[in-house]
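Undergrad: Here's the letter readout for the chains.
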Amino acid sequence: MTCSEHKQAFQQRQQQWQELVDKACARFPERRENFATTSGIEMKRLFTPEDLEQIDYTEDIGFPGIYPFTRGVQPTMYRARFWTMRQYAGFGSAEETNKRYKYLLENGQTGLSVAFDLPTQIGYDSDFELSEGEVGKVGVAIDTLADMETLFDGISLDKVSTSMTINAPAAVLLAMYVAVAEKQGVAPEQLRGTIQNDVLKEYFARGTYIFPPSPSMKIITDIFAFCKDNLPSWNTISISGYHIREAGSSAVQEVAFTLADGLAYVDAAIKSGLDVDVFAKRLSFFFNVHNPFLEEVAKFRAARRLWARLMKERFGAKKPASMMLRFHTQTAGCSLTAQQPNNNVVRVTIQALAAVLGGTNSLHTNSRDEALCLPTEDSVRIALRTQQVIAHESGVADSVDPLAGSYLVESLTSKIEDQAMAYIKKIDDLGGVVKAIEAGYIQNEIGDSAYAYQKAVETQEQVIVGVNKFTIEEAPPENLLTVKAEMERKQRQKLAQVKGGRDNKAVNKALQQLKLVAEEGGNLMIPIVAAVKLYASLGEVCGVLRQVFGEYQEQ
Amino acid sequence: MAKVIKVLVGKPGLDGHDRGARVVARALRDAGMEVIYTGIRQTPEQIVATAIQEDVDAVGLSCLSGAHNNLFPKVVNLLREKGAEDILVFGGGIIPDGDIAGLKDSGIKEIFRPGSSTDETIKFITDQVNQ
Numbered sequence: 001m002t003c004s005e006h007k008q009a010f011q012q013r014q015q016q017w018q019e020l021v022d023k024a025c026a027r028f029p030e031r032r033e034n035f036a037t038t039s040g041i042e043m044k045r046l047f048t049p050e051d052l053e054q055i056d057y058t059e060d061i062g063f064p065g066i067y068p069f070t071r072g073v074q075p076t077m078y079r080a081r082f083w084t085m086r087q088y089a090g091f092g093s094a095e096e097t098n099k100r101y102k103y104l105l106e107n108g109q110t111g112l113s114v115a116f117d118l119p120t121q122i123g124y125d126s127d128f129e130l131s132e133g134e135v136g137k138v139g140v141a142i143d144t145l146a147d148m149e150t151l152f153d154g155i156s157l158d159k160v161s162t163s164m165t166i167n168a169p170a171a172v173l174l175a176m177y178v179a180v181a182e183k184q185g186v187a188p189e190q191l192r193g194t195i196q197n198d199v200l201k202e203y204f205a206r207g208t209y210i211f212p213p214s215p216s217m218k219i220i221t222d223i224f225a226f227c228k229d230n231l232p233s234w235n236t237i238s239i240s241g242y243h244i245r246e247a248g249s250s251a252v253q254e255v256a257f258t259l260a261d262g263l264a265y266v267d268a269a270i271k272s273g274l275d276v277d278v279f280a281k282r283l284s285f286f287f288n289v290h291n292p293f294l295e296e297v298a299k300f301r302a303a304r305r306l307w308a309r310l311m312k313e314r315f316g317a318k319k320p321a322s323m324m325l326r327f328h329t330q331t332a333g334c335s336l337t338a339q340q341p342n343n344n345v346v347r348v349t350i351q352a353l354a355a356v357l358g359g360t361n362s363l364h365t366n367s368r369d370e371a372l373c374l375p376t377e378d379s380v381r382i383a384l385r386t387q388q389v390i391a392h393e394s395g396v397a398d399s400v401d402p403l404a405g406s407y408l409v410e411s412l413t414s415k416i417e418d419q420a421m422a423y424i425k426k427i428d429d430l431g432g433v434v435k436a437i438e439a440g441y442i443q444n445e446i447g448d449s450a451y452a453y454q455k456a457v458e459t460q461e462q463v464i465v466g467v468n469k470f471t472i473e474e475a476p477p478e479n480l481l482t483v484k485a486e487m488e489r490k491q492r493q494k495l496a497q498v499k500g501g502r503d504n505k506a507v508n509k510a511l512q513q514l515k516l517v518a519e520e521g522g523n524l525m526i527p528i529v530a531a532v533k534l535y536a537s538l539g540e541v542c543g544v545l546r547q548v549f550g551e552y553q554e555q
Numbered sequence: 001m002a003k004v005i006k007v008l009v010g011k012p013g014l015d016g017h018d019r020g021a022r023v024v025a026r027a028l029r030d031a032g033m034e035v036i037y038t039g040i041r042q043t044p045e046q047i048v049a050t051a052i053q054e055d056v057d058a059v060g061l062s063c064l065s066g067a068h069n070n071l072f073p074k075v076v077n078l079l080r081e082k083g084a085e086d087i088l089v090f091g092g093g094i095i096p097d098g099d100i101a102g103l104k105d106s107g108i109k110e111i112f113r114p115g116s117s118t119d120e121t122i123k124f125i126t127d128q129v130n131q
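If you read the protein sequences in the order shown, they are chains A and B.
1 is the number of the first residue of the first sequence in the numbering used here; add one for each residue after it.
1 is the number of the first residue of the second sequence in the numbering used here; add one for each residue after it.
Calculated directly from the structure, the hints in this document are not laboratory data.
Even for Gly, the Cβ is constructed at its ideal location relative to N, Cα and C.
Below, simulated DSS-like cross-link-like pairs (lysine-lysine); rule was C-alpha separation at most 27 Å, straight line: (1) A/159 / A/183; (2) A/455 / B/109; (3) B/109 / A/484; (4) B/6 / A/455; (5) A/533 / A/218; (6) A/281 / A/425; (7) B/123 / A/469; (8) A/533 / A/490; (9) A/228 / A/218; (10) A/183 / A/490; (11) A/281 / A/228; (12) B/104 / A/484; (13) B/3 / B/82; (14) A/455 / B/123.
Calculated from the model, a selection of chain B residues having no Cβ within reach of chain A, i.e. all distances over 10 Å: (15) 34; (16) 35; (17) 78; (18) 102; (19) 106; (20) 109.
Given only the sequences and the hints, what does the whole structure look like? Please build it.
TA: Dropping the structure here:
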C-alpha cells in the first residue's frame with residue numbers, strides 16, 4: 001500500500017469505529033462526559049497513530065542512554081542492575097534507627113535513606129524550646145557527631161549509599177557524615193549517596209527552611225564546590241518534586257516547579273564560577289508517584305526529556321552526563337488512607353510499577369500504616385517486598401522502557417513536556433523561581449490544584465476506595481509504632497553529656513572561625529567540618545549562621 | 001442577617017505540611033466564614049494572641065508531626081488563662097485513635113482526620129458557634 005492508501009484505509013476504519021462508538025454510547029452512556037488526567041490533559045477515548053504525528057522517534061524518543069534520554073539514562077537500564085531499593089526510615093533515637101537500618105539491609109534493601117526529625121531539619125538541638133514534643137517524631141534526632149556515629153554504627157559507609165533528607169542544614173549533616181566515615185577509615189572519595197539539599201521547595205511546599213533564599217543558595221553552591229574537590233561520587237543535591245506533589249500539585253506542576261528549581265541551582269552554580277559540565281552530573285532529582293498510572297509513567301519520561309533539552313539549550317552543557325535526569329521516586333504518602341490500611345499495599349504496588357516503568361533510578365515504597373503512624377517492621381517489610389516482587393517476578397525490568405511507542409504514553413509524554421515548559425516560561429517571565437515564590441504564584445497554583453482535588457473527592461468525582469466509596473465499619477488498628485515521650489528526655493541527656501565531655505574551648509574557637517568565614521563569604525564547608533568533628537552541635541552551627549544570615553519569614 | 005463566623009486556622013509547632021490547613025481555610029472561606037490563616041511554625045502563644053486580638057469564634061489547629069499532644073492542649077490552656085475559654089478549639093492531622101480521648105479531655109472539641117470532608121468541618125463549626 002502507498003502512503004495515501006494507508007491514510008485512506010485508516011480513515012475508513014476510524015469512521016467505522018466511530019459509528020460503533022455512537023451506537024454503543026447511545027445504549028451504554030460512558031461513565032463520564034469528559035475524562036482527564038490530574039493535570040487536566042484530556043484522556044481521549046482512543047489514542048492512535050494520529051497522536052504520534054508530531055513526534056519524531058529519533059529526536060524525541062530515541063534510545064536509552066542517548067540524548068534526550070526519554071527512554072532512560074542508561075543504555076540497558078534494569079537488565080544490568082535493578083533500581084536502588086531505598087526505604088526512607090528514621091524515628092526516635094539514633095540507636096533505634098540504626099536497628100531499623102540493619103533490619104532493612106538484612107531484608108535486601110540496597111541503599112539507606114535517612115529521615116530526620118523536625119528540630120534536626122530546622123537546625124535546632126533537641127533541648128531547644130521549640131523542639132518540645134517534636135524530638136524523634138518524624139525522623140531520627142541528630143544533635144551532634146556522637147548521634148551520627150551511633151546512627152551508622154556497624155554499617156560500613158564504603159559499602160552502602162546513603163540519602164539524607166535534610167535541606168536547610170544539609171552542610172552540617174554532610175560534614176558529620178564525612179566525619180563518621182573518617183572514623184571508620186573510609187575516605188571521602190569512597191562515599192556514595194545524596195543529600196536532599198533543595199531549599200527552594202521549602203519556601204513554597206514543605207516549610208523546613210531556615211535562612212532567606214540568597215544565603216541558602218550560597219550554602220548550596222558551597223556544597224557543590226566542596227564535593228567537586230572532596231566527594232566526587234556524591235550527589236550534591238536532590239531537587240525534589242516529591243513535596244510539591246504532596247502539597248497538592250498536579251503531575252505537570254510537579255515536573256514544572258521541580259525543574260524550575262533545578263534551573264535556579266544550575267544558574268546559581270554557574271554564577272558562582274563552577275563549570276556546568278563539572279557539577280551538573282552530580283545533580284539528582286526526587287519525584288512523587290501517584291495512582292493515575294499512565295500519566296505517571298509519561299511524567300517521568302517527559303521530565304527526563306525536558307531536563308536534557310534545558311541543560312543543552314539553556315546552559316550549553318556538552319557532556320551527556322550533564323543532561324541526564326537521574327531520580328529517586330517515593331510513592332505518594334498523601335494517597336494512603338487511614339481507612340482499610342491494607343488497601344494501601346495495592347496503591348503502593350500500582351505506584352511503584354509506574355515508577356519502574358517510568359525508569360526510576362531508586363525507589364521508596366511507602367508502608368501501609370503510614371496514614372496512621374510511622375511504619376512498623378512488618379509493614380516496611382511488605383513495602384520492600386513489593387519492590388522485590390516487581391523486580392524479580394513481574395518481568396517488567398527485562399526490557400528497557402517497555403511502554404515506549406504506546407500511542408497514549410508518547411502522546412501524554414509530549415503534552416506533559418509542553419505544559420511543563422509553558423509553566424517554566426511563565427516563571428522565567430516572573431523573573432525566576434525566587435521571584436515567583438515571593439509573588440505567591442507557585443503557592444497559589446499548587447493551592448488551586450489541592451483545593452480542586454479535595455472538592456473532587458467530596459463530590460465523589462474522584463473515588464477513594466474505603467473513604468468515599470466501599471466504606472466499612474472498622475476496628476481501630478492495633479500494634480502501631482509510637483515514639484515514647486521518654487525518648488526526648490534521654491536525647492536531651494545525651495546532648496548534655498556530649499557538651500560536658502568535649503573540649504568547649506576548641507568548640508568555641510571553631511564556631512568563631514565559622515562566623516568569620518560566613519561574614520567574609522568563604523566556602524562554609526571547611527569550618528563546618530572542623531566544628532562538627534569537635535562535637536559542636538547542629539543547633540550551635542546553625543545558630544552561628546542564623547546570626548550572620550538571618551531567618552526567613554513566610555510572607 | 002446571621003453574624004459572620006470568624007475562624008483562625010493555625011499550624012503550631014515545627015510541622016510545615018500545610019496542605020490540609022490551607023484547604024480547610026479555603027473551604028471555610030467559601031462557606032462564608034472569615035478566616036485567618038497564621039502560616040506555619042507558630043507557637044501556641046502566638047496562636048492564642050492572634051485569636052484573642054482578632055476576636056475569633058473558633059481556632060482550628062493542624063499538626064502532622066506527632067507533636068499534637070504537646071501543642072494542642074497548650075493552646076486550650078492559654079486561652080483559658082486569658083479568659084477566652086469560650087473560643088471553640090478543634091484540630092486535625094495525623095492523630096492516632098489512642099490520642100483522641102486525651103485531646104478531647106483537654107478541651108479540644110473535635111478532631112478531624114484524613115478522609116474527613118470539609119463539609120463536616122463547616123457543619124461542626126456552624127453548629128457549635130450558633131449553639
